[in-house]
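Keeping their order, the protein sequence lines are chains A and B. Sequential numbering of the first sequence, starting at 1, is according to my numbering. Sequential numbering of the second sequence, starting at 1001, is according to my numbering.
Heads up, some of the hints might be wrong.
Stated by the list, open to error - Using 35 Å as the maximum straight-line C-alpha spacing, the simulated DSBU-like pairs for lysine-lysine come out as follows:
#1 A:140 / A:54
#2 A:150 / A:140
#3 B:1084 / A:150
#4 B:1084 / A:140
#5 A:144 / B:1084
#6 B:1080 / A:140
#7 A:144 / B:1080
#8 B:1117 / A:140
#9 B:1011 / A:150
#10 B:1080 / B:1011
#11 B:1080 / A:54
#12 A:38 / B:1117
#13 B:1080 / B:1117
#14 B:1011 / A:140
#15 A:150 / B:1080
#16 B:1011 / A:144
#17 A:150 / A:245
#18 A:245 / A:144
#19 A:54 / B:1117
#20 A:54 / A:38
To be verified - Away from chain A, derived, C-beta distances all over 10 Å, residues of chain B:
#21 1047
#22 1061
#23 1079
Since the hints were derived computationally from the structure, they do not count as laboratory data. Glycine is no exception: its CB is placed at the ideal position from the N, C-alpha and C atoms.
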Amino acid sequence: MTTTEDDEMLLDAYLDGELDASSALGIERRLAADTGLKARFDALAALRAALRAKVPRDVVSDALRGKIAAMAAPAAPVATRSFEWRRMAASVLVASMLASGGTALLLRPGATGPDISGLVAEHRRALLSANPLDVESTDKHTVKPWFDAKLALSPAVIDLAAEGYPLAGGRIEVVAGKLVPAMIYRRHNHIISLVAVPRAGARDDGAAAANATQDGYAVASWHGQDFDYAAVSDVAPDELAAFVKAWQAAAG
Amino acid sequence: MESQIADERQKRRFAEVVLPHLDDALSLARWLTGSAADAQDVVQDASIRALAAIDSFRDGSPRAWVLTIVRNTAFSWLRKNRPKALVVTDDESVFEAAQFASEAGGPPSPEAALIAKADAAMLNAAIAALPLNFKEILVLREIDGLSYREIAEVVSLPIGTVMSRLSRARKLLIVRLGATRAGAQGAA
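Next comes chain B alone, as it looks inside the complex (with noise of 0.2 Å):
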């Protein structure tokens, strides 16, 4: 125990870098897990990993690292309970299923205005429905307001990949909204 226990030069670190990203971490945390229960499970395992190895964060983002640590903790927690949700998605099909959605749904001039009408729940529906890959790096950046650098430290991947994966996240969202919208008009 007398090992783990951080002192006080460590506790003030942690106040300094942790603390200040609590709500990030927990959306973070929500949209990888998919519940806002397991989500604080995952804040607070987070945190004491965080404090732990507080000495390894020497500068940079803290948000980045606080948020790196958050994400391997949810994909030990998805490992563990839901290892389905971890399957891999192949980025390519992916995105050809979207281009195909985007073109046989018609010219996209109207899309702008449907997305300005989809109201909370629909854009809900649609991000939890992204695959795990691509939501955690729409949310980083629409929730979390992360930059692409920042991004690509918490996700360990290139900057490239992390532009192409939210292209195409937002891709797909742009075509379920237009798509749901659509579909609910035509039945009207």
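For reference, chain A alone in the conformation it holds in the complex (with noise of 0.2 Å):
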């Protein structure tokens, strides 16, 4: 008996479960008495069989998990804007404030939502991935509407391989659960991840640059015109802060 395209069909719709009762019937009584179709279904059977065996499906790593992971996670508790809060934030050196919207963003070492830490983790993590960059380009004009399509943000990416810091590319970041532009910079041999963070309330001009330091990374934060800015390296932390000036100084 010949075996047609719709027999072929029926076979593979059987191999997969796909048959209602009757017609499975139908199929198992041909099987039985034809051995070119049962030498079909074999060589699917087998087939069905090597690729369930041998070829594995992908496994998303934890980096990748943990990044979109990241967009549903609960945004950061609004803290308290107090001038009282900002003063003793000065005094410590230890923290600034990044305010986004209502959400503000504090980079204290402990604190709930995006700290340090987070920005910390986020940098190690891109440079454990693959690929630290998820755009790569020495080109701001590549960089910055890339960043315009993926976020319907324009931060400003500033060229500074004249002061020996060569742009990268981007990345994309999670800052308390929302998608934020990071400019990846080289200084040497390490990278240099900038974040900038869209602020919605007005300028705050009273923050300088603030520093910190944490697991053997430099983080440096400051407020810029639209942005809010973090800066994470394993470059030493003045090494960090002419990075910063350099930057500030070409932002204008």
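Fit the two chains together into the complex; they arrive one by one in their own frames, and the hints show the way.
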């Protein structure tokens, strides 16, 4: 008996458990009587078994899963923006505040929500991943539109190659459950992540750059025109401070 | 920015609907892009799109919904980065080629034994060589384990077309794996 294309589709559907009981019964009877059909079915079943045993499903890395899960993380609680708090923060110089809309972002170890630990963890995670860049380009005219397309955000992307910090590209990070742009610069063999968090409120001129370290990573944060910035790197803190100075000078 | 920030309810929904299916998403993206690194980018982009569109998921299969977005994202990526991969393959010509190869290869009886001996590299190469519109349906069925109905939803095709392409994709694999093996034996 010849095997038609419809027969083959029926065999596939039978293999996939997609046939109703009476059609399945019909196929089973024909398989018992038709050796050609049976050989085709055996080949299909062997293919299925081989694919299951030898072609594994991909598994998402912890880094990528963490990044995507962070999109669904609850936003950080709104911090009190009191003058008292700010004075205290300035005096101990371990904290700065990046306000984004109603959500304040505390750059302070142990604070709830995205703090230095969170930024450092993102930076470290990016370094561990296969490619620390979501978009790789030394051209700010590539990186800036990329952010615009991905996030509808246009942070200032500044090329500091002349100052010794060539732009490497950009990445999307998750801060307080929001997707924010991060610009990646190189300094010799080191990477500097510069995160830009859009700010809805008025510019906070009061705060100069604040510096901190965590787990050997230097962190600097400051307020810009429309964004609040945090730079994270494994370069020395004074070298990161020099980067921030160069960046701020170029940003005007 | 404010308009695209998900509220807490949307984030919870995203966590329920999307996060359980990331491995399936990555598998589909890797087979469509042909690259593990590019697949990660596609999954991340697709997740961003899914979060933005989470309110459009009502009911039905969350996995099919997620994979629909992953597929669309992967095709956008291909259009931009690998336009040649998107050359549409005519179903009939592929089938006729497979039919011809199958008949030229002699009786199909030893196929099952040959396929059972195929190693991972041969299987991967055989899947990678499938035309895109056959490959995606095979991967959705065999790697991601979707039902015919779910596959039809993901690729926006009638179930009959899904069945026909799946059957032809498997046939192409069987022919290729049988031929590879026979060639190897003939050379030995």
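Hints violated by the structure (listed by number, smallest first): 1, 8, 13, 21
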